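Engineer: As a plain string of letters, each chain reads:
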Amino acid sequence: MRIFQSTEAVIALVLILVMFAIGLVNPAFWGVSNLFSLAKSNVVIGIMALGVLLIMISGGIDVSFPAISVAALYITVRSMVALGYDGVMLPFIAACVIGMSLGALNAVIIDRFKMIPLIVTLGTASIIRGLVLGLLGTSIVNINKMPKELIEFGKQDLVSVTAQNGATVGLTAMVLVYLAIAVVVHLMLKYTMIGRSIYAYGGDAESARRAGINTRRTIFFVYCTAGLLAGFAGLLHSSMIWQANPRDFIGLELDVIAAVVLGGASIFGGRGSVLGTMIGVFTLVMVKNSLILMKVDTTWQRVVVGVIIIAATAITAWRDRKKLV
Amino acid sequence: MSTKSAEPRLLGRILGRDAAIAQLIIVTLVIFVLMTVLNSGRFLSYYNFESMTYLMPELGILCIAMMIAMLTGGIDLSVVAIANLAAITAGVYFRNPIVAETMGAGGAALILHTIAGVMIALMVGLAAGLLNGILISRLRIIPILATLGTGQVFGGLALVLTGGPAIVGYPPTWNWIGTGKLLGVATPFWIMIIVASVVAILLRRTNLGVNLMLIGTNARAAIFAGIRSSRMILYSYALSGVLAAIAGILLSGRTNSAKADFGSSYLLQAVLIAVLGGTNPAGGKGRVLGVLLALLALTFLSSGLQMMRVSNFMIDAVWGGFLVLVIAINYLRSAK
Numbered sequence: 000m001r002i003f004q005s006t007e008a009v010i011a012l013v014l015i016l017v018m019f020a021i022g023l024v025n026p027a028f029w030g031v032s033n034l035f036s037l038a039k040s041n042v043v044i045g046i047m048a049l050g051v052l053l054i055m056i057s058g059g060i061d062v063s064f065p066a067i068s069v070a071a072l073y074i075t076v077r078s079m080v081a082l083g084y085d086g087v088m089l090p091f092i093a094a095c096v097i098g099m100s101l102g103a104l105n106a107v108i109i110d111r112f113k114m115i116p117l118i119v120t121l122g123t124a125s126i127i128r129g130l131v132l133g134l135l136g137t138s139i140v141n142i143n144k145m146p147k148e149l150i151e152f153g154k155q156d157l158v159s160v161t162a163q164n165g166a167t168v169g170l171t172a173m174v175l176v177y178l179a180i181a182v183v184v185h186l187m188l189k190y191t192m193i194g195r196s197i198y199a200y201g202g203d204a205e206s207a208r209r210a211g212i213n214t215r216r217t218i219f220f221v222y223c224t225a226g227l228l229a230g231f232a233g234l235l236h237s238s239m240i241w242q243a244n245p246r247d248f249i250g251l252e253l254d255v256i257a258a259v260v261l262g263g264a265s266i267f268g269g270r271g272s273v274l275g276t277m278i279g280v281f282t283l284v285m286v287k288n289s290l291i292l293m294k295v296d297t298t299w300q301r302v303v304v305g306v307i308i309i310a311a312t313a314i315t316a317w318r319d320r321k322k323l324v
Numbered sequence: 000m001s002t003k004s005a006e007p008r009l010l011g012r013i014l015g016r017d018a019a020i021a022q023l024i025i026v027t028l029v030i031f032v033l034m035t036v037l038n039s040g041r042f043l044s045y046y047n048f049e050s051m052t053y054l055m056p057e058l059g060i061l062c063i064a065m066m067i068a069m070l071t072g073g074i075d076l077s078v079v080a081i082a083n084l085a086a087i088t089a090g091v092y093f094r095n096p097i098v099a100e101t102m103g104a105g106g107a108a109l110i111l112h113t114i115a116g117v118m119i120a121l122m123v124g125l126a127a128g129l130l131n132g133i134l135i136s137r138l139r140i141i142p143i144l145a146t147l148g149t150g151q152v153f154g155g156l157a158l159v160l161t162g163g164p165a166i167v168g169y170p171p172t173w174n175w176i177g178t179g180k181l182l183g184v185a186t187p188f189w190i191m192i193i194v195a196s197v198v199a200i201l202l203r204r205t206n207l208g209v210n211l212m213l214i215g216t217n218a219r220a221a222i223f224a225g226i227r228s229s230r231m232i233l234y235s236y237a238l239s240g241v242l243a244a245i246a247g248i249l250l251s252g253r254t255n256s257a258k259a260d261f262g263s264s265y266l267l268q269a270v271l272i273a274v275l276g277g278t279n280p281a282g283g284k285g286r287v288l289g290v291l292l293a294l295l296a297l298t299f300l301s302s303g304l305q306m307m308r309v310s311n312f313m314i315d316a317v318w319g320g321f322l323v324l325v326i327a328i329n330y331l332r333s334a335k
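As you go down the protein sequences, you meet chains A and B in turn.
In this text, residue positions in the first sequence follow numbering that gives the first Met the number 0: the first is 0, and each later residue adds one.
In this text, residue positions in the second sequence follow numbering that gives the first Met the number 0: the first is 0, and each later residue adds one.
None of these hints come from the bench; they were simulated from the model.
Coverage of chain B stretches by chain A, computed from C-beta distances (three or more under 8 Å per stretch; other residues unrestricted): (1) 132 to 145; (2) 149 to 160; (3) 262 to 275; (4) 307 to 321.
Keep in mind it's a predicted model, so treat the numbers as computed, not measured.
Quick reminder that beta carbons are idealized off the backbone N, C-alpha and C, glycines included.
Could you put together the complete structure from these sequences and hints?
Structural biologist: Written as structure tokens, this is what we have:
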């Protein structure tokens, strides 16, 4: 029974139980189109969650990544429209660079002024959102104005199946992008010096410093990577829904943080894994999407999400309870 | 001569020999002068200051609630949701046909039902705060996550109660709390002064306050010193819940309506003002006077910017920039 001592196994077990419960209430859950759309909803949130995971392992917290995502996607798409440029590669690089610089801004403030990451990122989130909406405006770039190649990129399907009612449903190829990023982050965390230093820093910053780890480099790496992933996820989201809305992702930070905590990461730092996070994201997205399938009134959604956050954190708190204070 | 020596001592006591307070007074004055110069004539009008005394209190009370949570190194991200839920619950009570009918008759029944409504709102705030406190002190959930979760739950319940649209049609007595005048000064302003004084005394003159500061300074030492830590933390979140409910009453009284997503920008502002007011988010430090001064400074700032027709989005950005600036200044000051 050693397998049940790993956090991932426990979460996976919970996930499977919940899946069967939802399937019992409404068998439509197991339909191919539902499963495909579920996979699709995982991509953007999942990539963001991987960034948040890095920050949580380092013992920090970030509530500015939705703002960073929006800044990256909106600035990129608006410039593409203004310049009449169409393409895929360059815009994604631009979005990543924007995300990374904003992440670096967080890192500078956190590292230089030794301030609690929550307060810092609350501030930067407000600055970023305010500037984007205030300087660039609030208009949505619609499908008819969106760069065509970007839409084509987001449209690609991995496989498509003809459903019983004759409609074809496809599994978006973006799932591959998500999986690839997850593998890279996993390998980085497990087998590289910088990856191990994130765990060391999150476990005990002072010990990490004394062990000779360049903690400043670790902090910059963590926040820049999280920013980069947020920027990438933002533009990916935009190419998948065929529009660029500067008001997107409001309140998403709560969901993503909840998913990462659900996946077994400790907010005190030093704990967390890519696999766990992915399962956590899947669970949260699945529950949110299935509330409608289960005929739960939409007004109850927030209550359910809140209860999930509390339950997930209560379980992790129980796990970490050995501390006196 | 004696009055001269007593004066600095009194001043010193009020200021608490606190460099942060002196710094805040300077910041407030600088902003005040700047806004007066930039908006020649309009800023220094009676109407402007009168409207500030109506707008400030609800945010100010939320800031004090936030500060109380920060004293022990925590944070309360659910204050705005509690405020809305409390106001909406009272609104649902007033909507009850029997209540509405007896209130329509006016007179004593009107006042009695208003008092009942206030009590209901305060009870909701207390219950919500106690739930936060139990999750944080007994189940040992870290405050950020606990209040993030409960904030969703309270906001969600508010949504369930209203079904989406705003609740309107509060009784006139309720509106008086938010828009009325008492002795020529706005009622909400009086309420803020009373709340601030009570909390200030509570924090500086009672066991609860001293214990909270100790827990925030060194939680481990506080436990070894025999302080009933978890009970004190429970009380502090209950108090912050009740204050949030008072803010909710003022907000719904002023706007004559309540909605599940009202005042969502208040959350960041409350954190900002609490930190700006010299509260240490890591715990152990915080004063009501500092928070009130910071509130004044930022109210001047945003009211002045609004007069200059700066867009609300840019004002949000300015608030965020201000928060980062304050963090930097606090760091540089403490590094000396």
